[in-house]
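Just so you know, the protein sequences line up as chains A and B, in that order. Under the numbering used here, the residue at position 1 of the first sequence is numbered 1, and the numbers go up by one with no gaps. Under the numbering used here, the residue at position 191 of the second sequence is numbered 191, and the numbers go up by one with no gaps.
Treat the hints as calculated values from the structure; they're not laboratory data. Misleading hints may appear alongside valid ones.
Here chain B is said to cover these stretches of chain A; the calculated rule only asks that three of the stretch's residues, wherever they fall, bring their Cβ under 8 angstroms from a Cβ of chain B [what the hints assert, rightly or not]:
id	segment
1	7-13
2	21-31
3	68-82
Computed spacing ranges between beta-carbons, pair by pair [what the hints assert, rightly or not]:
id	chain 1	residue 1	chain 2	residue 2	range
4	B	V197	A	T85	31 to 41 angstroms
5	B	L210	A	V64	58 to 68 angstroms
6	B	Q137	A	M1	20 to 30 angstroms
7	A	V64	B	G3	24 to 34 angstroms
8	B	S203	A	M1	47 to 57 angstroms
9	B	E168	A	G53	49 to 59 angstroms
10	B	Q137	A	N5	26 to 36 angstroms
11	A	M1	B	G130	21 to 31 angstroms
12	A	T85	B	G3	47 to 57 angstroms
13	B	A171	A	V64	39 to 49 angstroms
14	A	N5	B	D126	38 to 48 angstroms
Partial list, computed: chain B residues near chain A (C-beta under 10 angstroms) [as the list claims (entries may be wrong)]:
id	residue
15	M39
16	R93
17	N202
Yeah, the Cβ is synthetic: ideal placement off N, Cα and C, and Gly gets one too.
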Amino acid sequence: MNPNNYLVLAGILFTIGAFGVLVRRNAIIVFMSVEMMLNAANLAFVAASHITGTLDGQTAAFFVMVVAAAEVVVGLAIIVAIFRTRRSASIDEASLLKH
Amino acid sequence: MNGEVVIFWITAVFAVIGAVGMVVSRKAVHSALWVAFAMINLAVLYFSLGGPFLGTTQIVVYTGAVMMLFLFVLMIVGVDSSDSLIETIKGQRLVGTILAFAFGALLTSAITTTGFRAVGVSAANDTSGGNIQGLAQLIFGRYLLAFEVTSALLITAALGAMVLAHHERWAPRKTQAELQRLRTLSGHPTPMPSPGVLALHNSVDTPALLADGTPSQESLPRIFRAVDQSTESTNNEVNS
Numbered sequence: 001m002n003p004n005n006y007l008v009l010a011g012i013l014f015t016i017g018a019f020g021v022l023v024r025r026n027a028i029i030v031f032m033s034v035e036m037m038l039n040a041a042n043l044a045f046v047a048a049s050h051i052t053g054t055l056d057g058q059t060a061a062f063f064v065m066v067v068a069a070a071e072v073v074v075g076l077a078i079i080v081a082i083f084r085t086r087r088s089a090s091i092d093e094a095s096l097l098k099h
Numbered sequence: 001m002n003g004e005v006v007i008f009w010i011t012a013v014f015a016v017i018g019a020v021g022m023v024v025s026r027k028a029v030h031s032a033l034w035v036a037f038a039m040i041n042l043a044v045l046y047f048s049l050g051g052p053f054l055g056t057t058q059i060v061v062y063t064g065a066v067m068m069l070f071l072f073v074l075m076i077v078g079v080d081s082s083d084s085l086i087e088t089i090k091g092q093r094l095v096g097t098i099l100a101f102a103f104g105a106l107l108t109s110a111i112t113t114t115g116f117r118a119v120g121v122s123a124a125n126d127t128s129g130g131n132i133q134g135l136a137q138l139i140f141g142r143y144l145l146a147f148e149v150t151s152a153l154l155i156t157a158a159l160g161a162m163v164l165a166h167h168e169r170w171a172p173r174k175t176q177a178e179l180q181r182l183r184t185l186s187g188h189p190t191p192m193p194s195p196g197v198l199a200l201h202n203s204v205d206t207p208a209l210l211a212d213g214t215p216s217q218e219s220l221p222r223i224f225r226a227v228d229q230s231t232e233s234t235n236n237e238v239n240s
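Whenever a hint applies, use it, and build me the whole structure from the sequences.
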């Protein structure tokens, strides 16, 4: 099968994730969209490994997973901290730095 | 049609359905479930691409740990937190849709112009004695420094999460004597009635029936009492 199919699927998933980041307001759903974009990048890495016949792409995907796990922990802690003071998980409310 | 093609088309369609479901769901819990669904399909794709280790890690780390963490935070923030439909920036939704479509078209057209031919990782897997052995040779060999830096990143992230999620107690904890005094002064010194007493069901969200047949709201845990009032106070009650 043409390996471009995998890359196109990764592109579509990345686009859907970017769309979610642009359009949704709930901070948690925005965060899930970021996760979806990271997953799309992972799929592209694994597909690249499949194309080149080396395992370097899979290693890169492994490191992306580790970084994504760390990022989720810190990001969700920030969401909880903002929710505690603001009583809201909407990203439009967190505009204190603007004023 | 070989197995790889069949697996690709099934999982690709499901993964896209999951991703679209995540974006269009009103409630965050539904979004989380759709994301988990899409991630499991991606794990199946990793298996078919010759990466059993990554497929397993995807299921364990993403659908297991990351999505569980999301669900925990959703429980803290309030499961009912759905989006407001008011646009703070005018036309943001329309412009976002147009930009996303343009970006997707750009990516797809750029990818389809390339002429990659797949070699497949089975040869690389076999030369090192298996997928996990091959990955281990790379991680603990060529990418050892990155792996060590990763440990520093994980420790920093754990510490950061603890610092961010920690909050100081504003008032000192009430002693047992103070609690007893408050209870005596509240006018209801006896224990509250248990939920479900003499009622149709004995679940915790069913109020007990009083002697005259009226339900007693005092028998409910205060979280359920708050749910009846409004969703706004639910969030406050859950977090206080």
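Can you list which hints this structure breaks, lowest number first? Result: hints 14 and 17 break, sorted rising.
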